[in-house]
Amino acid sequence: MTIPPSILIVIYGIVFIVVCAASIAFIYHWYAYGTDAKAIRKMSIAYSAIAAGLLLIAWMLLQTSLS
Amino acid sequence: MISLAPDEHIVYTARKHPFVFFTETTFIFIFALAPLIFLLGIEGYANSQVFSGIHFIPFMWFLYTLWVSILWLIFAYIWTDYYLDVWIVTNKHLIDVNQQGLFNRKISTSRLDLIQDVTVEVPGILATMLKYGNIRMQTAGKEREFVLNSVAKPYVLKDTILKEQDSLAEKRPPFAESSPSE
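So the sequences go chain by chain: P and G. In this note's numbering, each residue carries its 1-based index in the first sequence increased by 992. In this note's numbering, each residue carries its 1-based index in the second sequence increased by 10.
Here chain P stands alone, though its shape is the one from the complex (with noise of 0.2 Å):
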């Protein structure tokens, strides 16, 4: 069975845009609705560091992956 490329970079496309779209209403929410201004954007900080660095490190992995 082969796997074509475009397939995993499918993946990785839908994975992308979910974490994208949930990062930015959780991020709305937050400051729309939180009361502690200091520990939403501490959170905001974490929270959008290290989907972004998994997000980076999952299309190095792909890159490797189809090298």
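Rather than coming from a laboratory, the hints here were simulated on the basis of the structure. Note that the Cβ used here is the ideal one computed from N, Cα and C, for glycine as well. Be aware that one or more of the hints could be misleading.
[What the hints assert, rightly or not] Here are the simulated SDA-like cross-link-like pairs (lysine to any residue), alpha carbons at most 20 Å apart as the crow flies:
no.	chain 1	residue 1	chain 2	residue 2
1	G	K173	G	H19
2	P	K1030	G	G134
3	G	K116	P	A1017
4	G	K168	G	A137
5	P	K1030	G	I20
6	G	K26	P	H1021
7	G	K26	G	V130
8	G	K26	G	V107
9	G	K26	G	M139
10	G	K116	P	T1027
11	P	K1030	G	D91
12	G	K26	P	T1056
13	G	K181	G	H19
14	G	K26	P	I1003
15	P	K1034	G	L94
16	G	K26	P	Y1025
17	G	K102	P	T1027
18	P	K1030	G	S13
19	G	K168	G	E155
20	G	K116	P	K1030
21	G	K173	G	P183
22	P	K1034	G	W82
23	P	K1030	G	V130
24	G	K163	P	D1028
25	G	K26	G	V132
26	G	K102	G	F39
27	G	K163	G	G134
28	P	K1030	G	H19
29	G	K141	G	V166
[Said to hold, decoys possible] One-sided and incomplete, this derived list gives chain P residues near chain G with beta-carbon spacing under 8 Å:
no.	residue
30	I995
31	I999
32	C1012
33	F1018
34	W1022
35	G1026
36	L1047
37	A1050
38	L1054
39	T1056
40	S1057
Put chain G on the given structure of chain P with help from the hints.
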């Protein structure tokens, strides 16, 4: 942010105990660690394997990273639910924000002087040791009962509400003494 009147300020903010958040997120750590053990186990065995033009081990790590991204998303979802589900005591009102999922929330507000009865329940040894419990409040308003389960330091919350209720009553001008007509 919650909008308050100009002469109103937040006195106390109560959330569920962090232990509740911890128990709700335990499965995430288990789901994140289980494939990791499997991956580390097969890494030495299949390091140089190439299937259908794809390097096996980087491919598995790629899938694992996507899996962790999804778990991280679920973690943030649970944190949002925990963080936005809150009781806010101001010097005039009690605001109950009940977050149910991301886009479903219910906000009930009661004037402190309408609160009639406050009940604290600490169920069991774990709740006693970790200092959390359930608190329910009867009011004379439309939303008759306010309930917050597994709240951290329920006695502090109860004392704060009663203290603010007392100070509100002291500030209010006394009712005019009216004698019943005979």
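Each hint tested on the structure:
{"no.": "1", "hint": "K173(G) / H19(G)", "verdict": "holds (15 Å)"}
{"no.": "2", "hint": "K1030(P) / G134(G)", "verdict": "violated (34 Å)"}
{"no.": "3", "hint": "K116(G) / A1017(P)", "verdict": "holds (18 Å)"}
{"no.": "4", "hint": "K168(G) / A137(G)", "verdict": "holds (16 Å)"}
{"no.": "5", "hint": "K1030(P) / I20(G)", "verdict": "holds (16 Å)"}
{"no.": "6", "hint": "K26(G) / H1021(P)", "verdict": "holds (18 Å)"}
{"no.": "7", "hint": "K26(G) / V130(G)", "verdict": "holds (14 Å)"}
{"no.": "8", "hint": "K26(G) / V107(G)", "verdict": "holds (12 Å)"}
{"no.": "9", "hint": "K26(G) / M139(G)", "verdict": "holds (15 Å)"}
{"no.": "10", "hint": "K116(G) / T1027(P)", "verdict": "holds (16 Å)"}
{"no.": "11", "hint": "K1030(P) / D91(G)", "verdict": "holds (18 Å)"}
{"no.": "12", "hint": "K26(G) / T1056(P)", "verdict": "violated (44 Å)"}
{"no.": "13", "hint": "K181(G) / H19(G)", "verdict": "holds (16 Å)"}
{"no.": "14", "hint": "K26(G) / I1003(P)", "verdict": "violated (37 Å)"}
{"no.": "15", "hint": "K1034(P) / L94(G)", "verdict": "holds (15 Å)"}
{"no.": "16", "hint": "K26(G) / Y1025(P)", "verdict": "holds (17 Å)"}
{"no.": "17", "hint": "K102(G) / T1027(P)", "verdict": "holds (17 Å)"}
{"no.": "18", "hint": "K1030(P) / S13(G)", "verdict": "holds (18 Å)"}
{"no.": "19", "hint": "K168(G) / E155(G)", "verdict": "holds (15 Å)"}
{"no.": "20", "hint": "K116(G) / K1030(P)", "verdict": "violated (24 Å)"}
{"no.": "21", "hint": "K173(G) / P183(G)", "verdict": "holds (18 Å)"}
{"no.": "22", "hint": "K1034(P) / W82(G)", "verdict": "holds (16 Å)"}
{"no.": "23", "hint": "K1030(P) / V130(G)", "verdict": "violated (30 Å)"}
{"no.": "24", "hint": "K163(G) / D1028(P)", "verdict": "holds (19 Å)"}
{"no.": "25", "hint": "K26(G) / V132(G)", "verdict": "holds (13 Å)"}
{"no.": "26", "hint": "K102(G) / F39(G)", "verdict": "violated (42 Å)"}
{"no.": "27", "hint": "K163(G) / G134(G)", "verdict": "holds (15 Å)"}
{"no.": "28", "hint": "K1030(P) / H19(G)", "verdict": "holds (18 Å)"}
{"no.": "29", "hint": "K141(G) / V166(G)", "verdict": "holds (10 Å)"}
{"no.": "30", "hint": "I995", "verdict": "holds (5 Å)"}
{"no.": "31", "hint": "I999", "verdict": "violated (10 Å)"}
{"no.": "32", "hint": "C1012", "verdict": "violated (10 Å)"}
{"no.": "33", "hint": "F1018", "verdict": "holds (5 Å)"}
{"no.": "34", "hint": "W1022", "verdict": "holds (7 Å)"}
{"no.": "35", "hint": "G1026", "verdict": "holds (7 Å)"}
{"no.": "36", "hint": "L1047", "verdict": "holds (6 Å)"}
{"no.": "37", "hint": "A1050", "verdict": "holds (4 Å)"}
{"no.": "38", "hint": "L1054", "verdict": "holds (5 Å)"}
{"no.": "39", "hint": "T1056", "verdict": "holds (4 Å)"}
{"no.": "40", "hint": "S1057", "verdict": "holds (4 Å)"}
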